[in-house]
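K.L.:
Residue strings, one per chain:
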Amino acid sequence: MIDDRIAAQRIAAELEEPVEEAGNLAEKLGLTAYPVNYWIVDYDEMNELIAYGGFQDRYPHWRWGMQYDRQQKQGQFLGGKAFEIVNNDNPAHAFLQESNSMADQKAVITHVEAHSDFFANNEWFGLFTDRETAPGERSEVHPLEGPDAAGMLARHAETIREIMADPDVDRAEVEKWIDHVLCLEDNIDQHVPYEPVEPEAEAAELDTADVDEQLDELDLSEEVRRQVFDEEWIDSQGEGDGPVSFPDEPQKDVIGFLLKHGKQYDDDAEKAVEMTDWQREILEILRREAYYFAPQKMTKVMNEGWASYWESVMMVDEGFAGDDEFVTYADHMSRVLGSGGLNPYKLGLELWQYIENSENRREVVERLLRVEGIAWRNFHETVDFEAIQATLEPPAWLVDVPGHLDDIDPEDPRVDADGLAAARDGEFDVEAYPWKVLTYEGLCERHYSLVRPQNRGFLARVSPEELERVSRYMFDDERYDSVDAALADVEYTRGWDRMREIRQSHNDVTFIDAFLTQEFVDDNDYFTYEYAHKSGDYRVSSTDYEDVKKKLMLQFTNFGKPTVVVEDGNFDNAGELLLAHQYNGVALDIGQAKETLKRVFELWGRPVNLLTIVKEYDEHDLEVARRRDREPEATEVGKRIRYDGEAVTITDVPWEAVEHLAATDVDYDTTPEEWLA
Amino acid sequence: MGLRDDLERYREVGEQRRQDLAEFIQYGDLGRSRADSVQIPIKIIDLPEFAYDQRDQGGVGQGEGAEEGDPVGQPEPGDGDEDGDPGEESGDHEYYEMDPEEFAQELDEQLGLDLDPKGKKVIEEKEGDFTDITRTGPSSTLDFERLFKEGLKRKMAMDFDEEYVREALKIDGWGPATVYEWARGENIPVSRAWIEDTYADIPSEERASYPDQEAFEDAVEMESTAKRIRREGVDQIPFRREDERYRYPEIVEEREKNVVVVNIRDVSGSMRQKKRELVERTFTPLDWYLTGKYDNAEFVYIAHDAEAWQVEREEFFGIRSGGGTRISSAYELAAQILEEQYPWSEWNRYVFAAGDSENSSNDTEDHVIPMMEEIPANLHAYVETQPSGNAINATHAEEVERHFRGADNVAVAYVTGPDDVVDAIYEILSTEEDDS
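Residue numbers (our numbering), protein chains in the order written: chain A, 1 to 677; chain B, 1 to 436.
Quick caveat, the hints were computed from the structure, so don't treat them as lab data.
Just so it is clear, the structure is predicted and the values come from calculations on it, not from any experiment.
Beta carbons: idealized from backbone N, C-alpha and C, even for Gly.
Incorrect hints may appear among the rest.
Stated by the list, open to error - Computed from the model, here is a short list of chain A residues facing chain B with C-beta under 8 Å: (1) Tyr529; (2) Glu530; (3) Lys534; (4) Tyr538; (5) Met553; (6) Asp568; (7) Asp572; (8) Glu595.
To be verified - The following residues of chain A were derived to be distant from chain B, with all beta-carbon distances above 12 Å: (9) Pro60; (10) Met152; (11) Met275; (12) His380; (13) Arg498.
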């Protein structure tokens with residue numbers, strides 16, 4: 001134990017400098033992160049943290065155990081390395097694994113700084129923290145602003161532990177209740193700020209109770225009571241005139257709705273009864289946690305890409321990894337990015353790099369189109385891309401700061417005069433931290449994307465369409481008399497500036513929608529696939545960017561889950577719950593939907609229904625399609641799935657009942673026309 | 001630590017959801033498991049949620065040169081279930097790890113089997129409890145209790161009512177010879193010498209105290225030894241050297257429960273994919289089961305067409321060759337291997353053969369059956385895998401079954417599809433159970 005602590009302390013001491021300098025560098029690069037507290041943990045602790053979603057204290061539940069188990073097994077295959085974990089909090093907490101190499105530690109630190117910047121700036125995260133505006137500079141990050149996540153989750157854990165410890169409450173019941181709610185974890189309205197739900201005392205309920213009481217006082221025979229004052233009559237007494245439907249507008253926050261109007265089903269009484277206090281409390285706790293974690297799920301691609309991007313700038317371009325550490329770092333990167341399938345890290349990183357390049361290209365193109373004699377029509381013939389590329393190269397002193405320390409002009413806007421003076425006085429090792437001599441502008445030019453070897457052809461690849469589009473909105477198109485004059489005005493900061501704007505306002509869906517282009521899809525070899533009935537497997541269906549975009553949007557819209565809303569809390573005027581699946585052309589997993597409905601029943605206490613649209617294939621069509629080697633055409637049919645506490649029934653409903661659910665403007669199907677029968 | 005609890009709870013939840021073993025054997029993915037660890041899928045460990053139909057969802061991939069129409073493989077590995085309601089089985093499969101012991105125990109429970117493995121080869125002799133005894137030894141191990149009891153028994157056996165016999169000598173006309181004869185008749189353990197000595201001590205005036213035997217019997221009654229000891233106490237126990245016993249530790253023979261399983265498979269041309277799979281499905285759980293039951297399990301894999309050769313497990317289920325079929329070739333090889341490496345005195349032997357029952361003419365009757373009788377084994381089994389029912393000339397299984405009907409160490413099972421596998425396994429394993 002003592003040895004462990006000493007080891008941890010030694011590592012902590014070694015890491016002090018990298019942590020501090022990574023923070024400084026991030027700030028220089030324009031990032032405005034929450035402060036980050038770093039913790040040194042061992043392998044087991046790391047696995048625990050990962051299981052708990054990055055926090056130390058969560059409510060008791062088996063799924064943490066499952067994640068821990070999974071994590072451990074994964075560790076066995078990946079050599080027991082868990083790389084990065086940082087939680088969205090102010091200050092953010094990041095965890096470094098004792099056994100990581102120095103290169104890995106530095107990679108984690110740089111990565112974490114960028115995540116923390118994302119947490120602090122992205123508006124979707126602001127929904128939970130009630131943040132008015134994003135901080136302009138790091139110093140503006142308010143110390144009291146933030147989700148108070150660690151504290152909140154620990155309080156939740158404490159509350160649930162207390163409930164479980166209550167001798168009047170069956171622990172197994174609590175666990176089951178948590179399970180039920182977790183099934184609806186993603187059924188919240190993640191696009192609006194989180195607000196606690198106050199369960200309302202339903203007036204109608206009270207009235208009904210009164211009528212009941214009065215009837216009791218009348219002392220009628222059971223016979224009469226059943227004949228005359230049946231439940232329907234009683235209900236109608238409570239509600240005034242006509243059936244009452246609510247909510248007025250379909251409600252996406254299903255958990256919130258259940259919290260407000262739901263009941264529990266009492267097995268002994270065989271009817272719905274009010275939820276207990278602890279049940280409501282757990283609903284609210286889990287709902288709050290769902291809202292807290294939602295922004296992370298909504299920005300996975302952006303956020304991971306953002307962190308990978310800045311990690312790479314700091315580690316590779318700024319030499320934050322020492323020469324001896326670079327190989328392990330490169331190895332680590334290739335492992336993280338190369339892990340197969342659709343990788344959000346990779347997609348995100350590629351998109352950010354693409355945005356950086358296209359924004360910088362646009363800047364250059366806009367300058368060049370203002371040169372006399374250059375127009376979008378003759379652009380490719382007139383412009384000497386090689387020469388431009390050479391002109392855009394940063395000057396030698398920007399590339400090799402230590403070698404030119406004596407020649408650098410402190411008045412240059414790209415130079416940090418204080419930093420330069422300090423470097424000249426030998427206050428820090430300029431070989432290790434050349435960036436301390438430079439300003440943000442200096443760093444932008446030093447790391448200008450268009451001159452990188454891997455981006456060499458990017459400028460020349462600008463399409464005539466884009467050129468035309470740019471020139472269409474340009475007024476003084478004869479401002480420069482030479483290319484050099486135009487290039488002298490190029491704003492090197494434009495790429496990074498734009499990237500920060502985007503990280504502030506977008507989420508994965510809008511990000512992909514706005515920035516995924518044919519050029520990007522071609523450059524990075526993306527394609528879509530669909531299930532082919534004729535061959536019984538998945539086949540590449542398209543490499544068109546519109547299709548790739550559609551499929552990606554499907555994967556990231558609403559956490560990649562179908563949108564299910566509460567349509568009626570008094571369905572059939574019988575107090576049944578009616579949920580509706582807003583159909584976008586992709587059918588529900590009916591098996592799972594049935595199981596989920598059973599859980600919803602537990603939270604509603606009365607029968608629950610789900611309207612949906614399914615695709616049906618006619619046997620004959622299937623056969624014909626198979627013979628012609630074509631895909632069969634599906635018929636879309638409305639269905640209502642109902643669970644009454646005992647059995648699930650599925651009934652056909654007329655198209656009119658589901659028509660409003662069928663989206664006409666979106667179609668996520670990318671099956672090529674010619675596949676169809 | 002809270003997480004320990006969570007992990008514990010997860011294991012409990014997982015345990016409840018473990019795929020039913022029989023279902024796993026019939027349809028599960030056996031390939032994931034290794035010889036020392038059986039991986040049983042756990043059903044739907046994740047909570048249900050509103051989700052898209054995976055098949056309808058399609059997706060996005062990344063790769064150079066993708067052309068429309070190229071197959072992309074199963075995008076979500078792990079869910080091999082192609083037919084049926086997608087929802088019921090969806091979600092990632094987790095795997096519950098069982099070691100073969102647990103597997104065997106579980107199978108015993110589910111199928112109601114109770115195979116008791118026999119110990120064979122003596123691997124160790126060790127000292128057990130001090131329950132054996134010997135006539136010599138260090139005095140600390142002397143079994144004094146036994147010595148005392150033996151002495152007591154001896155005393156009781158030698159003891160007699162001296163007073164009574166002395167009185168008998170006082171009967172008028174009875175001399176030592178008569179009394180001795182009488183005492184013998186009465187089963188009184190008295191020696192002639194004692195009688196003579198005692199007679200000599202009796203004053204002559206007393207030698208006719210009783211006129212006759214009747215008067216003596218009226219006057220004196222014999223007292224039993226037990227009664228006398230109770231009255232007088234045991235004054236002296238005659239400890240004898242011959243009664244000494246020394247405790248000695250029992251020698252326990254540890255017999256290792258060794259098993260060798262010979263898996264024989266027909267690999268000839270007629271054994272197509274489906275038949276091969278059925279063999280694998282039947283043999284693999286048998287292997288696990290026996291591995292779990294015995295301390296030490298070894299496996300011999302023999303592939304044969306008209307010839308037989310020994311192969312490694314990895315190749316065993318995949319091999320295909322052309323050629324005809326002569327099942328006896330495999331038994332010849334099996335006999336040879338067993339004889340050389342796995343003597344019957346030391347090894348439990350299981351010889352499992354599988355094929356589609358096709359054999360060259362008369363081979364079954366003339367060669368295979370005699371060899372099955374000749375090779376000593378706990379169990380011989382033949383598994384016929386014939387997905388399409390019976391082929392006309394495929395009679396090996398029937399011939400074997402007919403010949404060995406009622407034998408307790410030969411089992412024949414028919415497998416036409418995965419549904420039959422569990423029954424076949426039961427048939428095979430329960431045959432041996434009858435024997436024990």
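K.L.:
Could you run down the list of hints and mark each one as holding or not?
P.N.:
Going through the hints against the structure:
no., hint, in the structure
1, Tyr529, "holds (5 Å)"
2, Glu530, "holds (4 Å)"
3, Lys534, "violated (11 Å)"
4, Tyr538, "holds (5 Å)"
5, Met553, "violated (10 Å)"
6, Asp568, "violated (17 Å)"
7, Asp572, "violated (22 Å)"
8, Glu595, "holds (4 Å)"
9, Pro60, "violated (6 Å)"
10, Met152, "holds (17 Å)"
11, Met275, "holds (20 Å)"
12, His380, "holds (27 Å)"
13, Arg498, "holds (25 Å)"
Taken one by one, the earlier hints fail for this structure at numbers 3, 5, 6, 7, 9, listed in ascending order.
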